[in-house]
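Undergrad: Residues per chain, in single letters:
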Amino acid sequence: MVEKTLNNLLPLQCGTVKKVTATGKLKQRLFDMGITTGTRIVLKKTAPLGDPIEITIRDYELSLRLAEATAIILEVEETTV
Amino acid sequence: MKIALAGNPNSGKTTLFNNLTGSSAHVGNWPGVTVDKKEGFYKYNNEKLSIVDLPGIYSLSPYSPEEVIARNFILSDVPEEAPNLIINIVDATNLERNLYLSTQLLETDIPMVIALNMMDIVHKNGDTIDIDALSKAIGVPVVGICAFKNKGIKELIEKGISAVNEKKGATSVLKNSIISGVFSDALAAAQKAGVRNELFVAVKLIENDLLVTHAYSELAKEVNSIKAKYQFTEYDNDYESIVADSRYKYINSNFSSFQIKNIKNTRVSRSEKADKILTHKIWGIPIFALIMFAVFHIIFSGDFLYLSIFGVEPIEAPGVILQTWLGELSGMGIEAVAEGLSNAAEWVQSMIVDGLLGGIDAILSFLPQMLLMFLALSIMEETGYMARVAFILDRAFRKLGLSGKALLPLLMCFGCAVPGIMATKALENEKERRISILIAPFFSCGAKMPIWAVFAATLFVDKGGEFVVFAMYFIGIATAVLLTLILRKTMYKGETPHFIMELPNYHLPQIRSTLRHLWDKFVHYLKRVTLVIAGAVVIIWLLSSFNFRFEFVEDIGDSIIGVISKGLSWLFVPLGFGMGDDGWMFVVAVFTGLIAKEMVVATLGVLAGMDGDSILEGGELAGTSIAVLLSTLSVPAAIAFMTFNLLSVPCLAAVGAAGAELRSKKRLWGSIGTWLLTAYVVSFVIYWVGTIWWLGLILGIIVASVITLYILDHKGILKVGKFFDKIFPRKSTGI
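Chains as they are written, first to last, in the numbering used here: chain A, 9 to 89; chain B, 11 to 745.
In case anyone wonders, no lab produced these hints; they're calculated from the structure. You may find that some hints are simply not true.
[Said to hold, decoys possible] In silico DSS-like pairs for lysine-lysine, Cα to Cα no more than 27 Å straight-line:
| # | chain 1 | residue 1 | chain 2 | residue 2 |
| --- | --- | --- | --- | --- |
| 1 | B | Lys134 | A | Lys12 |
| 2 | A | Lys12 | B | Lys159 |
| 3 | B | Lys185 | B | Lys202 |
| 4 | A | Lys52 | B | Lys259 |
| 5 | B | Lys177 | B | Lys159 |
| 6 | B | Lys134 | B | Lys237 |
| 7 | B | Lys286 | A | Lys33 |
| 8 | B | Lys146 | B | Lys177 |
| 9 | B | Lys441 | A | Lys33 |
| 10 | B | Lys53 | B | Lys675 |
| 11 | B | Lys409 | B | Lys503 |
| 12 | B | Lys161 | A | Lys52 |
| 13 | B | Lys283 | A | Lys52 |
| 14 | A | Lys27 | B | Lys441 |
| 15 | B | Lys53 | A | Lys53 |
| 16 | A | Lys26 | B | Lys178 |
| 17 | B | Lys291 | B | Lys134 |
| 18 | B | Lys409 | A | Lys52 |
| 19 | B | Lys286 | A | Lys53 |
| 20 | B | Lys291 | B | Lys178 |
| 21 | B | Lys675 | B | Lys47 |
| 22 | A | Lys52 | B | Lys675 |
| 23 | B | Lys291 | B | Lys159 |
| 24 | B | Lys441 | A | Lys52 |
| 25 | B | Lys435 | B | Lys271 |
| 26 | B | Lys161 | B | Lys291 |
| 27 | A | Lys27 | B | Lys185 |
[Claimed, not checked] Computed list of chain A residues with no C-beta within reach of chain B, every gap over 12 Å:
| # | residue |
| --- | --- |
| 28 | Val10 |
| 29 | Thr44 |
| 30 | Tyr68 |
| 31 | Glu83 |
All residues carry an ideal CB built from backbone N, CA and C; glycine is no exception.
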């Protein structure tokens with residue numbers, strides 16, 4: 009298992025949330041959207057201009073910026089979907 | 011009885027609200043914030059049930075204005091004002107995240123019923139949800155509904171009312187979680203303190219919620235000492251994390267089993283296919299450009315099918331045809347009234363025909379195209395494409411401190427600033443919304459086009475008329491970018507707003523609900539601006555028809571506005587168009603242009619001794635009296651005049667819209683001042699740089715050196731930024 013922050017994930021790679029390092033408003037927002045420890049995330053794609061990214065989490069699509077994705081530490085699976 | 015409608019964005023809440031309330035719905039606003047408050051009635055057994063639509067939220071955390079509004083309403087300080095029932099609308103195709111909010115709503119003392127929406131799609135996908143089992147597990151009634159098809163509504167209300175009569179108390183999923191010990195101790199403490207909504211307060215104190223901690227500081231200390239007795243090293247004792255985790259874990263292990271998913275999920279895959287094309291790495295942006303072009307073409311084009319390429323008489327676009335048709339209709343009406351009044355005194359005729367009816371005509375003149383813009387916007391919003399536009403273009407806007415969501419409202423402004431300004435409602439960040447409203451009028455709208463066209467056809471006819479029109483658009487965009495950068499560095503300093511956005515599944519727009527949405531916006535708008543516009547037109551008529559002794563005059567030059575313009579024309583001499591015998595005429599045009607930009611050309615035409623309408627109808631203008639009038643301007647002065655009209659107060663309709671969105675007189679006057687000042691400064695610079703070329707050279711050198719310094723600083727070769735930081739130390743801002 010490799011540890012990576014979400015912004016370093018490649019498209020179609022997936023991982024499990026290990027820790028959310030954000031604070032305050034951003035942290036609560038990420039939790040509320042379902043990014044909690046143990047959740048599986050698939051990186052669907054990046055936007056045409058390279059940022060933001062689109063992820064699949066808890067059966068729905070969520071987009072966030074790379075800057076916000078740095079706060080999410082994942083354990084990356086070796087196989088892609 | 012008062013019922014609150016709560017649920018996630020995109021859960022079909024608005025549709026349910028519209029179906030429940032029908033024509034009784036009305037829009038107001040929540041105190042202190044620019045979020046719509048929708049209220050209406052549902053008739054049940056001759057009882058009027060009051061329905062309040064809460065903003066779409068994902069959680070009851072204290073961070074976004076929407077969340078705070080919903081909380082304050084549900085947990086109202088005055089018990090009589092709190093709702094008697096919460097209808098929690100849940101998107102059945104996305105149970106997990108939707109139920110997260112439900113677990114928080116359950117913690118309040120208000121009885122609740124869950125409306126499981128989009129059950130039709132669940133069935134279509136071949137999935138099943140055991141509603142009875144889910145209801146038992148959650149402990150509140152759950153009713154499967156389909157808001158679009160108006161199914162299950164009656165049962166929903168019936169179950170809701172019986173829930174009110176049963177009055178089951180608050181419950182929390184935390185009582186079966188790893189922090190059950192902390193939870194029961196905190197709850198006991200809250201009960202002992204005798205607070206209202208004790209369970210909610212206890213949970214929020216465990217979470218270190220800002221607002222609740224502040225409101226119950228004594229109790230908060232007690233809860234903190236309870237927390238100190240426990241250790242959750244796995245989570246670093248981060249209670250926000252533990253609570254959020256516990257909620258989702260509970261949902262996963264206790265509710266998700268009632269949902270059986272079909273492996274082959276056709277709807278999602280269709281949505282995914284559409285998404286692959288619309289947000290494609292290469293084609294995503296061109297497709298967006300094409301869609302926008304199509305929208306504008308259908309609404310504004312004079313040559314809809316490009317027939318003129320083949321030398322055939324062009325057909326106008328539907329938007330233009332509708333506009334012309336309505337214009338003719340109102341023209342006929344006005345004529346009929348004028349005929350009926352032919353025996354009345356001259357000033358009475360003038361007041362009713364030119365003043366009052368002219369005001370109605372001014373509103374009608376842009377209505378069809380404005381409505382079509384609204385329609386296009388609504389469709390993009392409802393299909394889910396709007397979120398994708400924000401997704402594909404966010405990067406480009408971030409440098410300006412705006413998010414991708416700001417793009418669509420601003421693009422709308424090329425058609426009409428009114429729907430553009432109203433669409434800024436979709437922006438979550440208050441600063442971003444205010445900046446967008448401020449720069450909205452700089453995007454040259456449809457009503458300004460005739461001004462550019464007349465100048466292109468007269469003064470610039472041999473000097474690249476096309477280029478002048480293009481230059482006006484460019485000046486507008488450049489000013490918007492510049493002002494945004496300046497505002498971001500001064501008044502609206504601060505972090506760029508976060509961008510964490512759900513990308514909802516695509517679905518076809520529902521005609522009925524889209525039109526309904528459009529109608530609501532339209533009525534809402536008319537209510538706000540009709541009086542203002544009609545009033546202003548009458549005032550302009552008064553000012554241009556009477557002199558200071560209140561005698562009716564034929565010549566505008568002798569009227570109040572004429573005299574004022576002559577008196578104030580020196581103000582515009584620095585911009586190049588206030589001097590000379592005819593200078594005041596341009597000043598009158600500028601003044602009438604503040605009311606509506608359609609009036610600029612008409613005013614100039616009347617002052618030049620021509621019928622204003624005939625100028626707008628096209629035809630050869632060279633050699634006519636308006637061409638003679640315009641030729642009294644030098645080229646830089648003409649551009650300065652156009653620039654002033656481009657950047658100053660767009661029109662009263664837009665001012666009305668801005669006032670409705672800013673919801674503060676102070677900020678509205680601030681915006682009006684900003685527009686006038688920007689218009690003056692930019693026109694001034696353009697006139698003088700154009701007149702004295704070496705001034706341009708100096709300015710050019712200054713701009714070039716600033717840019718060079720910026721680039722060198724950015725690459726770390728020079729340390730200008732650090733130098734400035736030393737002189738003006740920045741306050742550190744936490745996130």
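Undergrad: Starting from A:Lys52, check that the Cα of B:Lys675 is at most 27 Å away, please.
TA: 45 Å, violated
Undergrad: Between A:Lys26 and B:Lys178, is the straight-line Cα distance small enough, at 27 Å or below?
TA: Since the Cα atoms of A:Lys26 and B:Lys178 sit roughly 38 Å apart, the hinted pair is violated (cutoff 27 Å).
Undergrad: Check whether the Cα positions of A:Lys52 and B:Lys259 lie no farther apart than 27 Å.
TA: 24 Å, holds
Undergrad: Find the nearest Cβ of chain B to the Cβ of A:Val10 and say whether that gap is larger than 12 Å.
TA: 21 Å, holds
Undergrad: Would the hint linking B:Lys161 and B:Lys291 be met if the CA-CA limit is 27 Å?
TA: 40 Å, violated
Undergrad: Are all C-beta atoms of chain B more than 12 Å from that of A:Thr44?
TA: 5 Å, violated
Undergrad: With a cut-off of 27 Å on the C-alpha distance, tell me whether A:Lys27 and B:Lys441 pass.
TA: 31 Å, violated
Undergrad: Checking one constraint from the list: CA of B:Lys291 to CA of B:Lys134, max 27 Å. Satisfied?
TA: Violated: B:Lys291 and B:Lys134 sit about 31 Å apart, past 27 Å.
Undergrad: Is the straight-line distance between the alpha-carbon of B:Lys53 and that of A:Lys53 27 Å or less?
TA: Given that 27 Å is the threshold and the Cα spacing comes to 48 Å, the pair is violated.
Undergrad: Hinted pair, alpha-carbon criterion (27 Å max): B:Lys291, B:Lys178. Please report holds or violated.
TA: 52 Å, violated
Undergrad: Given the hinted pair B:Lys185 and B:Lys202, is their alpha-carbon gap at most 27 Å?
TA: 18 Å, holds
Undergrad: Do the alpha carbons of B:Lys53 and B:Lys675 lie within 27 Å of each other, as the hint requires?
TA: Violated, at about 38 Å.
Taken one by one, the earlier hints fail for this structure at numbers 1, 2, 5, 6, 7, 10, 12, 14, 15, 16, 17, 20, 22, 23, 24, 25, 26, 29, 30, listed in ascending order.
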